[in-house]
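Chemist: In terms of the working numbering, the sequence shown is residues 571 to 917.
Among these hints, one or two may not hold up.
For each label pair, taking beta carbons as the anchor points, the in silico distance ranges come out as [said to hold, decoys possible]:
1) Pro745 / Thr675: 29 to 35 Å
2) Leu690 / Pro828: 17 to 23 Å
3) Lys682 / Leu825: 17 to 23 Å
4) Arg647 / Asp886: 55 to 61 Å
5) Pro828 / Gln743: 42 to 48 Å
6) Ala678 / Pro739: 42 to 48 Å
7) Gln743 / Leu610: 49 to 55 Å
8) Lys798 / Tyr680: 20 to 26 Å
9) Tyr680 / Pro795: 28 to 34 Å
10) Ala826 / Pro745: 30 to 36 Å
11) Ala631 / Glu599: 21 to 27 Å
It is worth saying that the hints were derived from the structure and are not from the lab.
Ideal placement from N, C-alpha and C gives every residue a C-beta, glycine not left out.
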Amino acid sequence: MSNHTDWIVLSDGARPTEDIYFLESAAPELREQDVNIDRLQVSRKLGAAWWSGGACRRRYANANLMLCRSLPLSWLRWLERNRSAFGYIVYLIDDDISAAALDSTLPAAYRKRMARIAQLQPRLLALADEVVTCSDQLAEYFIPRHPKVSVLTPPLLAPLPGHDHFTLPPTSQAPWQLGFHGTRAHLQDLLHITPALESLQHQRNDTELEIMLGQHIPEPLAALPRVKAPAPLPWQAFQQYQRQRRLHIGLAPLLATPFNQGKSFIKFLDIAAMGGVGIYSNRYPYTEVVRHGENGLLVEDNPAAWREGLQQLLEDPAATARMAKQAEHDALNIGNPQHAIRFWQSR
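Sequences are here, hints too, so could you generate the full structure?
Modeler: As structure tokens, then:
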């Protein structure tokens, strides 16, 4: 084993991205191959002082660096001064930050944070030998801005649960489990299909809807019968929750906005991880992995289409279970961590 760290993740808090694309997908296997990997939580108070210690300098000399989304300004300045002390630098990004900063439908605090990152992004790109994105469309944004851009689609981290929850027909006592587990960044996507969900919950008594937005759940949805609104969970707690939660149907609306165009198909993996079949907006990135009627449904951007999709799945439980099983099979294939392992081995 070498006496220095081969990869350092300089983490500014984007832990889900770091874990999905590297630390929990590829890093365990790479460590077994004697690749040393560290994650350092960067601090706005700690920059050059961290590197100044002799032992630290020797340990991390010539290590490869992974930068994910952003860095504190003090660290960015420090890294610009000390670029020659490191080896290969990768900039890992899974959102169109500039589009998010300009999207008036997103929460104001989120837009402000994205605007701050967008201002620094050209300097991060200048430091990087390679930009790694989560989708082809996001890669297209970066290709004019960097000479080397690659795509690593999201790996599947969670074990898949099987489909015992499809064994018995849902009833009012043991209802269909429907779920929306997007963040507040997808609130407008959810609002767009709210009329379909209102119709569903008023017309049936065998459907339970979970919307993991806590206090931020839209009022029309909070007022519906059989709706649960658990608070959003920190990343690691959500991973544990995902391993225990069972869904029949997952909801993944995605409107045609510049911000959404950079998204990956990770919701397909998330829904499969909870044992469900998804209903997805009929656009990229879902059109890359969803085959309508086989491993999910692709529907147009209007509430009537979403209501019809829900009705199709609810009225044919056997076909819905078959789609969920096919989604599981496909998630294992497209989300195979070996893809990520080979990707990082080649760097």
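Chemist: For the range 20 to 26 Å, tell me whether the beta carbons of Lys798 and Tyr680 fit it or not.
Modeler: holds (24 Å)
Chemist: Does the Cβ pair Leu690, Pro828 satisfy 17 to 23 Å?
Modeler: About 20 Å separates the Cβ atoms of Leu690 and Pro828, which means 17 to 23 Å holds.
Chemist: Determine whether the Cβ-Cβ distance between Arg647 and Asp886 falls within the hinted range of 55 to 61 Å.
Modeler: holds (59 Å)
Chemist: Assuming the hint says 28 to 34 Å, is it satisfied by the Cβ distance from Tyr680 to Pro795 or not?
Modeler: Roughly 31 Å apart at Cβ, these two residues keep to the hinted range, so it holds.
Chemist: 49 to 55 Å was suggested as the range; check whether the CB atoms of Gln743 and Leu610 agree with it.
Modeler: Distance hint for Gln743, Leu610 holds at roughly 51 Å.
Chemist: Taking the Cβ atom of Pro828 and the Cβ atom of Gln743, is their distance within the range 42 to 48 Å?
Modeler: holds (45 Å)
Chemist: Starting from the hint 30 to 36 Å, judge whether the C-beta atoms of Ala826 and Pro745 obey it.
Modeler: holds (32 Å)
Chemist: Take a look at whether the Cβ-Cβ distance between Ala631 and Glu599 falls inside 21 to 27 Å.
Modeler: holds (25 Å)
Chemist: Could you check the hint for me, namely that Pro745 and Thr675 are 29 to 35 Å apart, CB to CB?
Modeler: This hint holds: roughly 31 Å between Cβ atoms.
Chemist: Lys682 and Leu825, beta-carbon distance inside 17 to 23 Å?
Modeler: About 22 Å separates the Cβ atoms of Lys682 and Leu825, which means 17 to 23 Å holds.
Chemist: At the C-beta level, are Ala678 and Pro739 separated by a distance inside 42 to 48 Å?
Modeler: holds (45 Å)
The structure meets every hint from the earlier list without exception.
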